[in-house]
Amino acid sequence: MSRAWEIFLARLPRGARAAAWVGVGIGILAAWLMTPPVMLRSPVVPVLVGAVAVALGGYAFTRGVRRLGAGAAVFGLLGAGLGVLTTQSGEANLEGVVVWSALFAAMLRYATPLIFASIGGMFSERSGVVNIGLEGMMLMGCFFAIWGADRTGSWLGGVAIAAVAGGLLALVHAYFAIHLRADQIVGGTAVNFLALGITGYLFIDIYKDTGTPSDVARIPDVHLSFLKDWYFVGPIVGQLNLLIWIGLVTILGSWIVMFKTPVGLRIRSVGEHPRAAETVGISVYKTRYAAVTLSGVLAALGGAYLSIGFVGSFNQNMTAGRGFIALAALIFGKWRPFGAAAAAILFGLSSALADRLPVYSESGAVLFRSLPYALTLIAVAGVIGRSIPPAAIGRPYVKQ
Amino acid sequence: MSDVEPVGGPGREGDSEASESAARRLAVLQRAGGMVTPLITVVFAFLVGGLVVVATTGKNPLTTYKAIFDGSGLNWLLPWQTCADPCTAALNFQQTLIIWIPLALTGLAVAFAFRCGLFNIGGQGQYLVGAIVAVWVGSSFQGLTPVLHILLAIVAASVSGALYGGIAGLLKATVGAHEVITTIMLNWIAVWVGIFLFGLGGPLQNDPQPWVPVSNDIAEGAKLPVFWGDPILQGLHIGLFVAAGFLVVFWVMLNRTTLGYEVRAVGFNPEAARYGGISVSRNYFLAMAISGLFAGLAGSLDILGWQFRLNVNDIQISNVGFVGIAVALLGRNTAIGTGLAALLFAALTTGTSTRNLDPEIFRPELASNLTLLIQGLVVLFVGADVLILYLWGLRRKARLGRGAAA
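Residue numbers (my numbering), protein chains in the order written: chain A, 1209 to 1608; chain B, 58 to 463.
Please note that the accuracy of each hint is not assured.
Partial chain B-side listing against chain A, Cβ under 8 Å, derived [to be verified]:
| id | residue |
| --- | --- |
| 1 | Met242 |
| 2 | Gly258 |
| 3 | Gly292 |
| 4 | Gln432 |
Each computed DSSO-like pair below joins lysine-lysine, with the alpha-carbon atoms no more than 27 Å apart [claimed, not checked]:
| id | chain 1 | residue 1 | chain 2 | residue 2 |
| --- | --- | --- | --- | --- |
| 5 | B | Lys123 | A | Lys1416 |
| 6 | A | Lys1494 | A | Lys1542 |
| 7 | A | Lys1494 | A | Lys1468 |
| 8 | A | Lys1542 | A | Lys1468 |
| 9 | A | Lys1494 | A | Lys1416 |
| 10 | B | Lys116 | A | Lys1416 |
Selected chain A positions facing chain B (in silico; Cβ < 8 Å) [stated by the list, open to error]:
| id | residue |
| --- | --- |
| 11 | Val1394 |
| 12 | Ala1398 |
| 13 | Leu1404 |
| 14 | Ile1406 |
| 15 | Tyr1409 |
| 16 | Ile1444 |
| 17 | Val1574 |
| 18 | Arg1577 |
| 19 | Ser1578 |
| 20 | Tyr1581 |
| 21 | Val1588 |
Since the hints were made in silico from the structure, they are not lab data.
Positions of the beta carbon are idealized from the N, C-alpha and C atoms, including for glycine.
Let's have the full structure, built from the sequences with the hints guiding it.
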């Protein structure tokens, strides 16, 4: 234990790096102090606190920690700006909008489909197969979860059938991408069209004009009654959907698989240098097939959460771009499990906030919804740390 | 299979990004298949669609397809077709052509970028930006003379589309950000900005009805003249000639100008093009900008020609730009091919719409999803060049075998 602790301590940032990280924290603090429950009302506070963050960032910058230092300065400025803005808002509005526990709970609900899909996308893309068909695979999950739950009468049946449907669609993508060496982006586009057609067709054919049944079996919530009275934590995690928990476990699990097991090493090597991988006896085709299929299964789980966990019904094209946000999260998180999940959670938070912002401005809240895409655009443009994809991504491989 | 060596090339030693470009792979296809392979793909997709119809509804797929064909108004072209006045077939055909205009142009948008080795998924976003600017210009500047107003709206929309597409090109040229990712992001930014602008409380929402999330109507003078059919019944507007003209412009630009030569050279092999003194990054930017120009133009023609206003709901459900991808792929990125593929998809869209398909024969809601399915299958199989080349190879072999025997 003490050994692990020492390793942990040794890995902590030091010197200018530490200063920069503290600067980032203080930048966030500058805005947080102005919101409930602390809710200071003087604009001087965020300016002063923000200035400290900027100073720390500047210090780090001059000591050679350029990127992080600049980041801390940006956080300081943003924190100060947001802090001053919040002092302009009425206290009642503020208390209505910024209820941290409710915001975090909503954030987790919005983030879960994105987490599943982006982790799924990570497996596919790390193995070298571009997957812009995530949206379609998720949509398959949405529909077949409802259909399965309706047919089998149990949510477990729904989730299982959703996973199979997503996996099958992914298998189609995999076959065209791997064996037929079709362009993977064309294939992904096709998969999205197909999923729209298949789910829309079956939805109309099976459920006609009545829509999906309202009494369909739902994925249960996990009630942690012992947490109920805990301050702050209770309202957030006391009553979460089972699939949210599974999603959080998936993040950790995918990290372990990807970076701590031979399987993960194989997937990554196939995505970075397939020829080298094949030379040491790894089957490029099998690994890619498995990874792409898994990505479909995971994306479909995200879809299943959306339909029989979150909403409880199905509508044509109900994913409405969430698969693409998941793709954005994957890229924003630099093709890493924790990075992708953190981005998914950030995007979830922005959705949760967008739900509450109409108090201030109906139209402004709408604009806020484009934030994930704008952030990703900035990230791929290399302003805050370039996102660099796996080396062999998008390239079909010809067996020797 | 020795004559189709390039297909095996991409995976071989020392492969650079150059040999992977979509344009190159499609160029191989062009040599191999020409018109035949897209036709096979379409027939195959319709076969699968027919099977779906039989399996799910038990209806005769041929009757269904005939109903869709009639709904699209393509029967107007048949010489033995007679019809009462006003002719339903003619009305339907006008609808098909109205949809053909934006599909052909967004198809050209995708095709042009393809020829430069870029995959422009952003046709939808560029189309929306064009539509937004067109509706803004069209509903402002009330006093302008009609011709000037129309020209101003079209030019402004096309330029905005070009700039919007140019962002992706610029990012590709300067920092190497993959155009697929940037254009996907730009698509969604355009969607949300559009909803913001025309939604409740948005800056460009209409003035008379503040509870409806729609733009102002464009001025009467900004509407494109209708040359076939009744202007009140959504007749065919002169945007048709603009789109047809741009098919020619596309061909001339690619095949008869230095710009087109450079774009195609970069598409075939950026390394070789660079070695030959062509600025690759300049061409990336230009190709994406021209691509965006086509899509922005499509948006403006839709607004000025028949929509006249932009509805938040339309922004959300529109998928013209995405169908444009299917159009370009099926059309092999050529001018004529794109025009024909756009006609196919326009006919499918019109033929399966609630307004045109006879519900007695087949439910339009089902049929419109059938359209999506067919589009998906077409894209899927058009992209599978190895499969097609393999079949082509078999055919060649069979022919050679026959020759040897004789």
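* chain B contact restraint on A/Val1588 - CB to CB distance below 8 Å -> holds, 4 Å
* Asked: For the pair supplied as a hint, B/Lys123 and A/Lys1416, is the alpha-carbon distance within the 27 Å limit?
  -> holds, 23 Å
* Should the interface hint for A/Tyr1581 be scored as holding, given a Cβ-Cβ cut-off of 8 Å against chain B? -> holds, 4 Å
* Asked: Going by Cβ atoms only, is B/Gly258 closer than 8 Å to chain A?
  -> Since the shortest Cβ distance to chain A is 4 Å, the answer is holds.
* Asked: Do the numbers back the hint for A/Val1394, that is, is its least Cβ distance to chain B under 8 Å?
  -> holds, 3 Å
* Status of the A/Arg1577 interface restraint (C-beta, 8 Å, chain B) -> Where the cut-off is 8 Å and the nearest Cβ of chain B is about 5 Å from A/Arg1577, the hint holds.
* Asked: Once the shortest beta carbon distance from A/Ser1578 to chain B is found, is it less than 8 Å?
  -> holds, 4 Å
* Asked: Is B/Lys116 close enough to A/Lys1416, meaning Cα to Cα at most 27 Å?
  -> Satisfied, since the Cα-Cα distance of roughly 17 Å is no more than 27 Å.
* Per the CB criterion, is A/Val1574 less than 8 Å away from chain B? -> holds, 5 Å
* To do: Starting from A/Lys1494, check that the Cα of A/Lys1468 is at most 27 Å away, please.
  => holds, 20 Å
* To do: Double-check A/Ile1444 for me: the hint is only fine if its C-beta lies closer than 8 Å to a C-beta in chain B.
  => Since chain B brings no Cβ nearer than about 28 Å to A/Ile1444, farther than 8 Å, the hint is violated.
* Given pair status - A/Lys1468, A/Lys1542, alpha carbons within 27 Å -> holds, 18 Å
The structure fails to meet hints 3, 9 and 16 from the earlier list, while all remaining hints are met.
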